[in-house]
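Enquirer: Sequence:
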Amino acid sequence: MSADFLNALSKHASHLRSCRSYLALTVAHDLWRDHRLSDRDGIQVVHLHEAPNAQRVVEAHLTAHGYDQLVTSLRSFPKATTSLRGLTAVAAVRAAHTVVMAWKEHSHAHSQQSTLVQTEGEGEAESTLEERIIAALTDWRSELDSRFGETNSQHTHDNPSLTVEDRCLLLALAVQQSAPCPPSHTMQLLC
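Residue numbers (this note's numbering): 12 to 202.
You may find that some hints are simply not true.
As the list claims (entries may be wrong) - In silico EDC-like links for lysine to aspartate or glutamate, alpha-carbon gap of 16 angstroms or less:
#1 Lys-22 to Asp-52
#2 Lys-115 to Glu-141
#3 Lys-90 to Glu-142
#4 Lys-90 to Asp-52
#5 Lys-115 to Glu-142
#6 Lys-115 to Asp-156
#7 Lys-22 to Asp-50
#8 Lys-90 to Asp-150
I should point out that these hints are in silico values taken from the structure, not numbers from a laboratory.
In this text, all values refer to a predicted model and were calculated from it rather than measured experimentally.
Sequences are here, hints too, so could you generate the full structure?
Expert: See below:
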């Protein structure tokens with residue numbers, strides 16, 4: 012790392028701070044030999060010898076954004092914390108955003124439910140915060156859509172989505188290198 016690069020990075024860091032943002036770079040240890048170069052405003056060096064604990068990343072992210080109460084709630088949901096295990100740091104930050112979105116949806120639904128109960132007398136059974144968070148953290152549909160090349164939510168005839176059966180077949184082939192092929196697919200494969 013050159014001094015010019017780090018000076019420019021420091022300047023960029025101050026710009027990002029003014030936008031309430033930040034940039035995280037992963038640099039191989041071999042490239043960061045001279046620790047004296049890193050003494051720049053806005054540059055913080057963290058040496059990682061192993062991946063950070065995903066739950067701690069989620070909790071730190073929630074705390075940093077003022078969701079301390081949500082951290083306490085999350086800790087009391089064993090199924091939710093189990094779903095955080097093994098996530099990369101980037102996936103953990105996404106999970107933190109997912110938890111916040113689930114909490115906001117729950118709060119919004121709860122406030123609407125209260126209004127409906129007052130006006131109509133009865134309301135539908137609402138999902139608990141725990142159920143919403145677990146459902147949000149364990150919903151892999153968008154991840155699978157991106158893995159299967161699904162680029163939009165609108166399925167047009169010129170860009171059809173893979174069926175559930177086709178996705179299961181592909182997953183079985185990827186994991187076990189073999190899978191039973193349904194008769195309808197056999198005809199397509201022979202043509």
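Enquirer: Checked against the structure, which of the hints given earlier come out wrong?
Expert: As far as the earlier hints go, 4, 6 are violated by this structure, in ascending order.
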